[in-house]
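Starting from the known structure of chain C, fit chain F onto it as the hints suggest.
Line order of the protein sequences matches chains C and F. Every letter in the first sequence is one number past the one before it in the working numbering, and letter 284, counting from 1, is 284. If you count the second sequence from 1, you need to add 1000 to reach the working numbering.
It should be emphasised that the hints constitute simulated quantities derived from the structure, not laboratory data. Just so you know, these numbers come straight off a predicted model, no measurement behind them. No false leads were mixed into what you were given.
A few chain F residues that face chain C, going by a derived Cβ cut-off under 7 Å, partial list only:
#1 S1104
#2 R1110
#3 Y1139
For each residue, glycine too, the CB sits at the ideal point set by N, CA and C.
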Amino acid sequence: MSWLETLRTAYDAIRTRRMRSALTMLGILIGIAAVMLTVGLGQGAQQQVASQIDKLGSNLLIVSPGSTTSLTGVRGGRGSATTLTTADAVMLADPSVAPDVKAVAPTSTTQASLTADGTNWTTSVVGTTPSWPEVRARTLSSGRFFTAEELADAQTEAVLGQTTAQELFGARDPVGQQVSIGSQPFTVIGVLATVGSTVGGDQDDQAVVPATTYADVVSPGAGTSVSSIYLEAAGQDVLSAAYQEADNALLTSHGVSATDADFTLSSQQSIVQTATSTSRTLTVLLGGIAAISLLVGGIGVMNIMLVSVTERIREIGLRKALGATPRVIRRQFLTEASLLGLAGGVLGLLLGVLGAAFLPSLIGQPVTVSTVAAVAAIAISVVIGVVAGVYPASRAARLSPIDALRSE
Amino acid sequence: MTEEPAYALFPDTEAQRAPSSAPEVPREPILRLTDVGKTYRSGSLTVEALRGVTLTVDEGDFVAIMGPSGSGKSTLMHILGCLDVPTTGAYRLAGEDVSAMRESQLADVRNRRIGFVFQQFNLLATMSAWRNVELPLVYAGLSRPERKARALASLARVGLADRVDHRPGELSGGQQQRVSVARALVTDPQLLLADEPTGNLDSASTEDVLALFDELNDQGRTIVIITHEQDVADRAHRSVQIRDGRFIDAAAVHTRVGSGR
Chain C
1 MSWLETLRTA
11 YDAIRTRRMR
21 SALTMLGILI
31 GIAAVMLTVG
41 LGQGAQQQVA
51 SQIDKLGSNL
61 LIVSPGSTTS
71 LTGVRGGRGS
81 ATTLTTADAV
91 MLADPSVAPD
101 VKAVAPTSTT
111 QASLTADGTN
121 WTTSVVGTTP
131 SWPEVRARTL
141 SSGRFFTAEE
151 LADAQTEAVL
161 GQTTAQELFG
171 ARDPVGQQVS
181 IGSQPFTVIG
191 VLATVGSTVG
201 GDQDDQAVVP
211 ATTYADVVSP
221 GAGTSVSSIY
231 LEAAGQDVLS
241 AAYQEADNAL
251 LTSHGVSATD
261 ADFTLSSQQS
271 IVQTATSTSR
281 TLTVLLGGIA
291 AISLLVGGIG
301 VMNIMLVSVT
311 ERIREIGLRK
321 ALGATPRVIR
331 RQFLTEASLL
341 GLAGGVLGLL
351 LGVLGAAFLP
361 SLIGQPVTVS
371 TVAAVAAIAI
381 SVVIGVVAGV
391 YPASRAARLS
401 PIDALRSE
Chain F
1001 MTEEPAYALF
1011 PDTEAQRAPS
1021 SAPEVPREPI
1031 LRLTDVGKTY
1041 RSGSLTVEAL
1051 RGVTLTVDEG
1061 DFVAIMGPSG
1071 SGKSTLMHIL
1081 GCLDVPTTGA
1091 YRLAGEDVSA
1101 MRESQLADVR
1111 NRRIGFVFQQ
1121 FNLLATMSAW
1131 RNVELPLVYA
1141 GLSRPERKAR
1151 ALASLARVGL
1161 ADRVDHRPGE
1171 LSGGQQQRVS
1181 VARALVTDPQ
1191 LLLADEPTGN
1201 LDSASTEDVL
1211 ALFDELNDQG
1221 RTIVIITHEQ
1231 DVADRAHRSV
1241 QIRDGRFIDA
1251 AAVHTRVGSG
1261 R
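Bound conformation, chain C alone (with noise of 0.2 Å):
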């Protein structure tokens, strides 16, 4: 017997039992559809976040202080410690000390109410360097950054994010205004560039203001302590080197050891595998319940093929009779389960992907669909059919067709 006449006996036997057909594909079309949709959300999830981050600037590189234990044994958390410094950031510009940093910028950020005309917005005010649009990856919407004469000369300027600059001055242009920090008053010379939420909050909503100034004015008591110094790599390829040189440099100077640096240097690199980490779990997680639902469907396939077998022990006698050996029934058999895991799963794809398309929109989170996902749901429902037949087909072919024919 040919497979074209196996499939097209198994494809009649489906036919002619609609009903029950449909509702056991039901069981494998959910779960394939369930499996589906879980593992695009978690995927969507984890572009989103590395997209996010990758919106921090390109081969980053950040310093931030580490933890601290004071000489009476308080210990404070990470980023506590004050020992990051704009020295820090300055040696680190130096080619000769690390020829694989291309620009930095040390940044310190506090919160603070900002006054326009009456308006007030309290927002983070971060004092920085002027390579910090190059080493942040930002561009101005309109007006300009400051200079490093300006930075010298601790000029009351500052850059304000889309956000702040429409809560300040709504639909006029901040560039030129007056706005004012605390009590002191501030000229805005130019507005960001949008580029949305990343995981260090919302990049849109702030002000800019040279590193000098801040210290000045803004948080006197701060000193020279940077919150963090950003780093920018030569190119992808020396991002690892630069690391390497920061770290030595940072440990150098410090004059500390390794075991017991008191700055943590992360790429972002790290940052991406520490925010998809927890996506990836939840993606387990749910992956997890879906794929149970899909195992709950490959039972169900398993108990109608054994229920067919039971209700069909005449017609198996009887092809049997007619010459059908226990290999040729065995192999119908496992044809009908994988033709209804394949139909299951085929129909399951196409539910995932509609669901892809719009369950965007209702909960606001990507879901990615790719071809791998697609092809690994078709044989794995398929593999599921043939799993769940194997037992019902084998019983199926061990019967003797003696009493098979007699059965009533």
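Chain F alone, transformed into the frame defined by chain C:
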């Protein structure tokens, strides 16, 4: 199918047998059972369903096997039909020893050599008449166009050319049994094995089916029919009685002389 009419008409007469069987090459009978026994075991219980049955059926013969229920005639039918193998003794079907064959080999023998007609018809309700008839050819591995052509020819042979697309439920009992005869004939088997073929039919349909058997036998088809009805057995050339797993009254087997038509 009509190449040996003399035989079919007078199969049991020595005179007619002589011309076509060459003296130096004796023809192998279609069916030769030698001292066949069948024992069923279920737990500690042993049932001897057949106790040494010997039977020879020549080509073109029409034999009725009669016996009440529990006599072993069903067991004998299963062995004749290669649905089961004997515990002891030998069974040769068309020159082939089938008594020690594996299940897949038996399936092949059933497909090629035996056409079954069952009391319950055993037609697949979801398939049309011609799809039912082509079924044995599916397992013989024939192409679809060839199967259809042969199925239609076989249905025409039993007088159902105008019912090929009907499902079993749309046919009368007699018509259904004729479909199953068409299915039995479609592989052109050496042996037509009928198990109570008229058991579920009214008298008109019974006559219908039995006339068809007569006709097929007249054309040289070898038929073995299992029945408990005397008037069905009377249509055969000879009949054998089975009781308690043995043939009885072997000397006095009923022999029909000449054509009953």
